[in-house]
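Peer 1: Sequence order for the protein chains is E and B. Position one of the first sequence corresponds to residue 1 (the working numbering), numbered consecutively onward. Position one of the second sequence corresponds to residue 1001 (the working numbering), numbered consecutively onward.
Read the hints as simulated data drawn from the structure, not as lab findings. Mixed in with the good hints, there may be bad ones.
[What the hints assert, rightly or not] Cross-link-like lysine-lysine pairs, in silico, DSS-like; alpha carbons within 27 Å at most:
#, chain 1, residue 1, chain 2, residue 2
1, B, K1041, E, K57
2, B, K1056, B, K1068
3, E, K57, B, K1056
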Amino acid sequence: DSGVTQTPKHLITATGQRVTLRCSPRSGDLSVYWYQQSLDQGLQFLIQYYNGEERAKGNILERFSAQQFPDLHSELNLSSLELGDSALYFCASSSGGGQTPYEQYFGPGTRLTVT
Amino acid sequence: ELKVEQNPLFLSMQEGKNYTIYCNYSTTSDRLYWYRQDPGKSLESLFVLLSNGAVKQEGRLMASLDTKARLSTLHITAAVHDLSATYFCAEETSGSRLTFGEGTQLTVNP
């Protein structure tokens, strides 16, 4: 158990809908990262937040957005869902902001199925 | 373009044998990570390699980093069935984001 929690574990929804994935980092960790894992794209970095502020952006679609709240939990919002958004979404956390190497610990993931 | 390439992508080996997984990356990063993933599960951190020449060992696994060659290796010694999983290397780049390789699916047969 990494100490990173994600809810829900599974989500099944229809195309065009909107969903919210939630992540609680390990106690004391200030950075939260979101990754998407799919069969065709592999594991891709989406976005990073550090202490409430966006720190880095990767291959995140405009239909997707994220935020980190004052209590450091993070939410990833996916809207206008398409079949291709079906994937495993991981949240990871680390203690640092990027200048020093900090190991990332991954949560159990949320499996999103869009039908 | 950031690119991390692993080979082989699929590896079937017998128990007791040795093998090496290779990870080539594209930038001058000196931070390389190895993760293990069991089917349908999360990623488990195996090794963090932070400098040229770094070598780390845990049980039957040993990882090394050559930043000049932009190459990391994961060596498996005397494989056992419990090592069957998918292994990912990941390069840390700007903002501490991780760029992952495609993964090496390892199957250890009795």
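Peer 1: Please go over all the hints and tell whether each is borne out by the structure.
Peer 2: Quick rundown of the hints versus the structure:
1. B:K1041 / E:K57: Holds, because 25 Å separates the two Cα atoms, which is no more than 27 Å.
2. B:K1056 / B:K1068: Status holds; Cα separation ~18 Å.
3. E:K57 / B:K1056: Not satisfied, since the Cα-Cα distance of roughly 31 Å exceeds 27 Å.
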